[in-house]
Amino acid sequence: MRALILVLLASTAVAQGFEMERVQLNAGAKETWLAQTGDGLDQMQLRVALLGHYQHRPLILTVDGQPDGAYIGSRWTAHLLAAYGIHKFVEASVQVPVVLAQQGDDLRGYGLPAPTPTAFGALWLGVRGTFLRQRDAHPLDLGLSVNVGLPTGDAAALTRDPGAGVALAPKLGAGRAFGPVRLGVELGALVRGATAPVITESTTQVGSQFNGALVVSTYDLPVHAELAARVVAPFTAAPASVEVTAAVRYTFLKQLELSLLGGPGIGKTPGTPAFRVLFGLAWTPDFNDRKAEAAPLATPAG
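When we follow my numbering, the leftmost residue of the sequence shown carries the number -7, and every step to the right adds one.
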């Protein structure tokens, strides 16, 4: 009976909804996709990307401490991202996620309706300030970004946070290259509304959290490889989790880049999948080359 009561109350949490997505991509992605490590785009540099994203069992129903089915067993998402260097030290970005398909186990016996299979996610707008750049003779790269999540999602699809649905994500990032290897770190937070329908020892609350990441990547090589460890530590009554992600990025035709990244999740924070995989294409046009081609040739003095 106790388990049934907890499950029925847990259905209230699903009805209230929350943004389940744990990944906030780095739209500029100069050095890494999954963390902001002080890198930023150059002035007037544009980067547009489209990524596909698969998550395996990101949300599990737990009864009396034991898993009893996946509320969301698989989720496919498309991420459209764009970033632009307004100034040498300022970058603006936008991220538009769309859940293309998601499904889970049949949990209607517990009073849990199936999630909406397709929905828009939270629209993220961001701005980043880059204070130090190693290539400008500074000791390291250092940047601060602030992203705002807007309530464009659907609570029934778990793509919208409770309350006003607005979220704030400040991040401080730093990185330094040592020859062909670069080390980066990110410290940040996600500030959003919380949902806590049941106040018991076994209740998991979803709300604001601390985010951290450590990244090791190649630097200034034809093929870019990276290994990242990301930590999520909720400020609410929820367990922490860790995700380890490996990535490979290959640039061709100077302006196009193919990316493949993925890895396992460890922990029981809601939204932490057993593993996730992302793949996609990015385009970074070089406007400076176009200006050089359009500039008239100097005529020799006669």
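Keep in mind that the hints are not guaranteed to be accurate.
Said to hold, decoys possible - Cβ pair distances, simulated, as ranges:
id, residue 1, residue 2, range
1, Leu164, Met36, 21 to 29 Å
2, Met36, Leu115, 18 to 26 Å
3, Leu38, Leu213, 43 to 51 Å
4, Lys80, Arg100, 20 to 28 Å
Hints were generated in silico from the structure; no laboratory data involved.
Here a beta-carbon is modelled for each residue, glycine too, at the ideal position from N, C-alpha and C.
- Message: I want to verify a distance hint. Is the separation of the beta carbons of Leu164 and Met36 within 21 to 29 Å?
- Response: Given range 21 to 29 Å: holds, Cβ gap about 25 Å.
- Query: Can the suggested window of 20 to 28 Å be confirmed for the beta-carbon pair Lys80 and Arg100?
  - Reply: violated, 56 Å
- Query: Honestly, do Leu38 and Leu213 meet the 43 to 51 Å range at C-beta?
  - Reply: For Leu213 against Leu38, whose Cβ atoms are near 23 Å apart, the range 43 to 51 Å is violated.
- Task: Could you see if the CB distance from Met36 to Leu115 stays within 18 to 26 Å?
- Result: With a Cβ separation near 24 Å, Met36 and Leu115 satisfy 18 to 26 Å, so the hint holds.
Checked against the numbered hints given earlier, the structure breaks hints 3 and 4 and satisfies all the rest.
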